Amino acid sequence: MITAHQISKRFGHHEVLQGVSMKVEPGEVHAIIGPSGAGKSIFLRCINGLESFHSGSIQVGDLQLTPQTDARGDAALLQSIRKRVGMVFQQFNLFPHLNVLQNLCESPVHVLGKDRGESETLAMQLLDRVGLAAKKDSYPRHLSGGQMQRVAIARVLMMKPSAILFDEPTSALDPVMASEVLAIMSQLARDGLTMIVVTHSMSFVRGVANKVHVFENGRNVESGPAQRVLQSPEHPVTRAFLELTS
Amino acid sequence: MPHASLCLGGNLSADDRKSFANALRIQYFLFTKGLTHVRRRFGAFLLLTVVFAMWVSAYADDLASVRQSGVLRWAGDQEGGGPYVYPRSDNPNAVTGFEVDLANHLSAHLNLKAQFVQGEWTELPEMLQTNRTDVILNGYELTPQRRAMMNASIPYYIYGLQLLAKKESPILTAWADLKNAKARRPLKVGVLTGSAAEVYMRAFCGESNAKVTCEVIGYDGNTDAMREVETGKLDGALEDTPIATFYAARFPSLAFIGKPVSEGYYVIYMRNADPALLQAVNAALISMIRDGELEGIYRKYGIWNDEQQRLSAIADNARFYGYPETAETGKQRTGGPAEVITTTVREHGWNVVRNYGGVLLESAGMTVILSVVSFPIAITIGIFVAIGRLYGPSWIRFPLGGYVEFLRGTPLMLQLYFIFFFLPELGVAIPAFWTGILGLAINYSAYESEIHRAGLQAIPHGQMEAALSLGMSRWLAIRRIVAPQAIRLVIPPIVSDFIALYKDTSVCSVITIVELTKRFSVLSMSTQATLELVLITGLLYLLMSYPVAVLSRRLEHSRVMA
Numbered sequence: 035m036i037t038a039h040q041i042s043k044r045f046g047h048h049e050v051l052q053g054v055s056m057k058v059e060p061g062e063v064h065a066i067i068g069p070s071g072a073g074k075s076i077f078l079r080c081i082n083g084l085e086s087f088h089s090g091s092i093q094v095g096d097l098q099l100t101p102q103t104d105a106r107g108d109a110a111l112l113q114s115i116r117k118r119v120g121m122v123f124q125q126f127n128l129f130p131h132l133n134v135l136q137n138l139c140e141s142p143v144h145v146l147g148k149d150r151g152e153s154e155t156l157a158m159q160l161l162d163r164v165g166l167a168a169k170k171d172s173y174p175r176h177l178s179g180g181q182m183q184r185v186a187i188a189r190v191l192m193m194k195p196s197a198i199l200f201d202e203p204t205s206a207l208d209p210v211m212a213s214e215v216l217a218i219m220s221q222l223a224r225d226g227l228t229m230i231v232v233t234h235s236m237s238f239v240r241g242v243a244n245k246v247h248v249f250e251n252g253r254n255v256e257s258g259p260a261q262r263v264l265q266s267p268e269h270p271v272t273r274a275f276l277e278l279t280s
Numbered sequence: 025m026p027h028a029s030l031c032l033g034g035n036l037s038a039d040d041r042k043s044f045a046n047a048l049r050i051q052y053f054l055f056t057k058g059l060t061h062v063r064r065r066f067g068a069f070l071l072l073t074v075v076f077a078m079w080v081s082a083y084a085d086d087l088a089s090v091r092q093s094g095v096l097r098w099a100g101d102q103e104g105g106g107p108y109v110y111p112r113s114d115n116p117n118a119v120t121g122f123e124v125d126l127a128n129h130l131s132a133h134l135n136l137k138a139q140f141v142q143g144e145w146t147e148l149p150e151m152l153q154t155n156r157t158d159v160i161l162n163g164y165e166l167t168p169q170r171r172a173m174m175n176a177s178i179p180y181y182i183y184g185l186q187l188l189a190k191k192e193s194p195i196l197t198a199w200a201d202l203k204n205a206k207a208r209r210p211l212k213v214g215v216l217t218g219s220a221a222e223v224y225m226r227a228f229c230g231e232s233n234a235k236v237t238c239e240v241i242g243y244d245g246n247t248d249a250m251r252e253v254e255t256g257k258l259d260g261a262l263e264d265t266p267i268a269t270f271y272a273a274r275f276p277s278l279a280f281i282g283k284p285v286s287e288g289y290y291v292i293y294m295r296n297a298d299p300a301l302l303q304a305v306n307a308a309l310i311s312m313i314r315d316g317e318l319e320g321i322y323r324k325y326g327i328w329n330d331e332q333q334r335l336s337a338i339a340d341n342a343r344f345y346g347y348p349e350t351a352e353t354g355k356q357r358t359g360g361p362a363e364v365i366t367t368t369v370r371e372h373g374w375n376v377v378r379n380y381g382g383v384l385l386e387s388a389g390m391t392v393i394l395s396v397v398s399f400p401i402a403i404t405i406g407i408f409v410a411i412g413r414l415y416g417p418s419w420i421r422f423p424l425g426g427y428v429e430f431l432r433g434t435p436l437m438l439q440l441y442f443i444f445f446f447l448p449e450l451g452v453a454i455p456a457f458w459t460g461i462l463g464l465a466i467n468y469s470a471y472e473s474e475i476h477r478a479g480l481q482a483i484p485h486g487q488m489e490a491a492l493s494l495g496m497s498r499w500l501a502i503r504r505i506v507a508p509q510a511i512r513l514v515i516p517p518i519v520s521d522f523i524a525l526y527k528d529t530s531v532c533s534v535i536t537i538v539e540l541t542k543r544f545s546v547l548s549m550s551t552q553a554t555l556e557l558v559l560i561t562g563l564l565y566l567l568m569s570y571p572v573a574v575l576s577r578r579l580e581h582s583r584v585m586a
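Heads up: the protein sequence lines correspond to chains A and B, in order.
Heads up: the first sequence is residues 35 to 280, going by the numbering used here.
Heads up: the second sequence is residues 25 to 586, going by the numbering used here.
For reference, chain B alone in the conformation it holds in the complex:
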């Protein structure tokens, strides 16, 4: 939950103070000197804005607030997969991976409990900035762009980029082959979207110059590209070394091409606002590097290599930047790790159903809850909007029309982003689940209102006239005569919309909700049993929407008989 606090002056930046003062000035001007109609209409609006501006959630001292809560929230994306963060095979609701271990050890050093926060990999910085997590710990490379916006810890892993291709591929046996294609066409190389591999590959393929020698295709999951190489859709994949090493067993038909290139560092990112947390994290990392805790974790996942020795050199140099010798230095861990994690062979058939059916069913439950809670809200809002547009005074029709067009004309995903990532900056932070409900309800209310409007307008005008001439008020006539007749007309399109909403809940995965589709992606990534999972997931969706279709037919008939 965000650590919002109502405070003025103290923690506001100079810019915040200036804009707040300006808002007050405009307010004053409009109230005293402005035109009457401007005053009335915009005065209230500005008052609201000023109130929001006042309620700027100033980020309290990060380390202090984290210590106070006793919990260190760290963000990653399970869909990214191993060896970083991926679902456990014995309990797919929980996560495992070297970063999970790292986060747990790190938090222990800080006397805190680690709490994993799920988010879309490309959205993790947003989540950091909106205080939905304390740190980002998910294979985020050290880049100047990111440094400019967030604080970076010392490196915790040194990675390289490994090129992969099919064993005995005739067209890709060395890096050079990408430049002079043995095939008559540019070679296709897959990468993880938004990663350093993507940046490197695009630069290498010379996309900035006109001559394109190879084509770069981005994927959302770590192993998507590798699978595509296996099936022949891609010629090669460029993956971070941990991924290439960890999944080597799962893709036996792929081979490493050349040595890893373009070394870089994985770092932990934190907000700029407070250096105390940075200090603490770095101190913990140094301690873990020095006493071999980090090596132990990496060996367990098979990603330790000689390169990582250089981490201690970096840690040593960090002393010069003011990090005190930590109490645990000197304690060297010897001997091999207690356990070694290897990837399993791909699961097949009934195993998948047995192992993952339960967790998929749970996520289906989330899908159902999201739909069943948000749709009635959407219908209700829609009724009021439709009646307002049809029977309301003119000053209400225009804004309502705008409401409908805006919500229908912009993607649901953008609207969810707006509520989840932008509103917190105005001081309104809503938890992910309710953001999903709110976003879905509001978006669909626009569509429902149009359906209601069409239904109401389809009722012959004579009905309203008869009702009015019997002395009924407009409102009574709508309520008892027009609307009841309209309901039967609107049942089919509304049910159709409900089934659409049902599947639109998958968009909520961008605001960290793990509903059925996201769970499918995550499991598909970690088990590679995509076919089985597609079938189960599709079946679950069908099973949930079929009863709705039956119910709607029954509703229609009951109205006709009436």
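Here chain A stands alone, though its shape is the one from the complex:
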């Protein structure tokens, strides 16, 4: 349901993405790994229109993004895509002036026009699911990093997206908190959510991902089933990277 075809992007003379392609079917979990600066996050952000690109195209269901897609003129198109494809950020990006419950209900009420009571009920269910029902009236500054990321995941789930993009969700967390968050993500994968995850956590890639893509210097150098790529990497870059991380 998400297809990226030959995406290229440059900043001035620097080519940050060079002809990247990817195809994600519903229910699949794709992981993107590789060294820093390889363009993994930028590629992810092209999918929900937070970044523009210079050539190629992106298809999300029946909606299409092209180099001509303009943030101002195609605002409605971008909004539709973002309602279908949510995002979880490395820095959590919770709204500090709202408490946890308000963070969750903000978009359903003001974007989807849902009734507040209904949204709050759903919010409590999701908070339960991520283990944070007790924190519903707390403000983000009272939460630990792991708790904040779990709230962020719940917030995205409120919009009932078809897919979620995870941009290094555990990179800012210590191993204990990271494992809490990864546990939630595994659960979501088991429940059939379509996910594209940029991560450095090899255990997640091994245990949860269906497909893995290796990025280096803006190129998708190797793609394949997770097990196969991790056991027997073909590309030298993949090999070198896996050596470092195991």
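Honestly, the hints are just simulated from the structure, not real lab data.
This one's a predicted model, so the numbers in the text were calculated from it and none came from an experiment.
Some clues are possibly wrong.
What the hints assert, rightly or not - Which residues of chain B face chain A? A partial, calculated answer using Cβ under 10 Å:
id, residue
1, Ala478
2, Ala482
3, Leu492
4, Gly495
5, Ile505
Heads up, the beta-carbon is just placed ideally off N, CA and C, and yes, glycines get one too.
Let chain A serve as the given structure and place chain B on it in line with the hints.
Chain B alone, transformed into the frame defined by chain A:
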């Protein structure tokens, strides 16, 4: 209020007609032959200009319109002080002085009511030209420069310039001492800025030649220079004879040096446009001179002297210029005046607080109103400007940037002058109070917009990204996510700006608004109780700004807790 009327052709000058025709020609050219983008962009602008040009406020017949309103507006500056126009000690909101009496008598002759209009002394001609007053009556000397721009009545007073110095001053006992300084340095002489005394003194001191024998320092108030002589900051002061005589009692340590020099005339100035008003005023003056009404007024203030006898000779000659014998001639007033005005001794201490506290409080009210009405407007405009500059399309960012730089880069005083004195020439006349509000709001909106912009930009970009990725529109994201966070950041600088605006309201005195600082100047001039007044005024300003500081702290905390 201005007597603006929409009229074409009739009262427009030849120049006006020509420029109007040219504007139309340019308009036509651009619309038919001009480049497309020029057409679109400038067409609308020119249309606006043409509409304004059409709405030229042609000055209706002055005398007729004055008679129609039943009111003769005459302009002066209370800060100028006695004996001309100064606040009454029993009711500091009202004015008294020989010119007040003169204006009242004059208006009575014309079957009109006199209405005093306050303005900065140096700006009175502007006020006349922009129809905010009908005549200028405030010790304005007859000079060729002024004659060229305005109509002058016959003289109503013959003044001289009197040199003053400290009694028994070793260095200044005669005019000659100014040329060969007994002291080793050039002597300092104070004058009223913009007056004939200033012109005379500068010429005398030879400033036009390289050799400066004495130094001329200008002051805004009539008695400022005299006070400075008393304190020793100046060696001498050159004042018009009425001032020197009237305030002699208040400055007992000063003495007159020599006889008055450089005689001149005080006249009433009117607009060039219509001679009928001039005729009527002159006829009234002649009548007042002939039947002794004028002498009565001058004796009351102690400024009558033998020189003034010559006024009747001038009045007599005026007959040759077509002024008919007025009905009241021949009626000679005899005997002394019913009352004589003398200046009081300087007031001190609690007397000042008691007598003037009330009127200062009222003017403080004006200061508060000006600030409290204009600041929210400034903040609101600032919000839109900031959002436009940060999130708007490129064709809006450039003009908004220009708006901010222009308003920040030019003085508030100039902007107020522009709105008050220049816009009426384009047909847009705004009363003084609203000019103050508008000027302050617009000027401060530029500063507020920059504060808002900084606040919005200080919010991490991730907040906007998170909001957008949850499907919010840009506008919703700004409104519900970014701006609320920015508010807490901008509270301290905005409050700071409000306190600054509060004191900037004093600039509004140049467009005739009497707020706290102007009232202070006026009273300081008329009572000389400067120290007491400074303390009271300063205290009033502090009392008004302190609650604001407390409120802001509370606002900040409430946001943090939230």
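Evaluated hints:
1. Ala478: 18 Å, violated
2. Ala482: 13 Å, violated
3. Leu492: Hint holds; leucine 492 (chain B) Cβ to chain A Cβ min 7 Å, cut 10 Å.
4. Gly495: 4 Å, holds
5. Ile505: 6 Å, holds
This entry does not satisfy hints 1, 2, going by the numbered hints stated previously.
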